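Chemist: All chains, please: the whole structure from these sequences, using the hints.
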Amino acid sequence: MERHKLFGLCATVVSVALIVEGCAGQRAGPGVEKDIQNYCDEQYASPAIDPIRDKIQLPLSFDAPQSIDRLADRTKATDTERVAVKALWEARERCRSYSESKLGAQPTFRVRSEDRLSEALADLYEGGITYGQFARSMLYIGSSDKAARESLDEEIKQREKWRIFRDYDSN
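One point on numbering: in this note's numbering, the residue at position 124 of the sequence shown is 124, and numbering is uninterrupted.
Bear in mind the hints are in silico, worked out from the structure with no lab data behind them. Because the structure is a prediction, the values reported are computed rather than measured. From the three backbone atoms N, C-alpha and C, an ideal C-beta is built for every residue, glycine too. Honestly, I wouldn't trust all of these hints.
Said to hold, decoys possible - Derived DEER-like restraints, expressed as beta-carbon distance ranges:
hint: 1; residue 1: R74; residue 2: E160; range: 40 to 50 Å
hint: 2; residue 1: A72; residue 2: N38; range: 29 to 39 Å
hint: 3; residue 1: L152; residue 2: P47; range: 32 to 42 Å
hint: 4; residue 1: Q158; residue 2: G128; range: 37 to 47 Å
hint: 5; residue 1: T75; residue 2: D35; range: 34 to 44 Å
Modeler: Right, here's the structure in full:
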């Protein structure tokens with residue numbers, strides 16, 4: 001399998017998993033997940049993204065560790081790479097929009113994480129940060145996203161423990 005297609009497939013699988021996991025606790029059926037995955041595969045397989053596949057850890061994942069080489073990279077995007085960053089942004093937005101049309105809105109914590117990722121990509125695109133700074137941003141976003149997700153899960157568990165009292169105290 002060609003390298004960019006393999007990276008595109010990996011990017012799609014993780015992107016779909018993040019979107020499906022984050023969409024308001026909904027669980028999509030296998031047909032919907034496969035439909036989203038196929039659509040996103042097409043978006044992330046674009047050769048226009050190729051110039052940055054070695055600079056940015058793809059798939060873009062909030063949970064992925066970053067290599068020390070990526071964290072230490074002090075280069076900024078070249079003009080060619082800026083075009084690729086924009087292509088990645090556009091592929092991500094198309095995939096996200098399509099996914100939300102199938103699954104509904106994402107929970108607030110995930111929207112905030114996605115917004116921070118958009119800001120980091122925009123900063124990389126405009127030349128305001130290096131690739132290493134982008135990698136560090138991904139670590140920070142991932143840490144915040146995980147903490148928010150865990151907090152929400154805990155709140156849901158606590159709410160369910162107290163469910164019996166809803167009938168008695170109108171909560």
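Chemist: With reference to the structure, classify each hint as holding or not holding.
Modeler: Structure-based check of all given hints:
Distance hint check for R74 and E160: the Cβ-Cβ separation is about 48 Å, which falls inside the suggested range of 40 to 50 Å. Judged by the Cβ atoms, the range 29 to 39 Å given for A72 and N38 holds: they are separated by roughly 36 Å. Taking the beta carbon of each, L152 and P47 are about 38 Å apart, inside 32 to 42 Å as hinted. Checked against the hint of 37 to 47 Å, the C-beta distance between Q158 and G128 comes to roughly 41 Å, which is consistent with it.
Between T75 and D35 the C-beta distance comes to about 38 Å, which sits within the given range of 34 to 44 Å.
Checked against the numbered hints above, the structure violates none of them.
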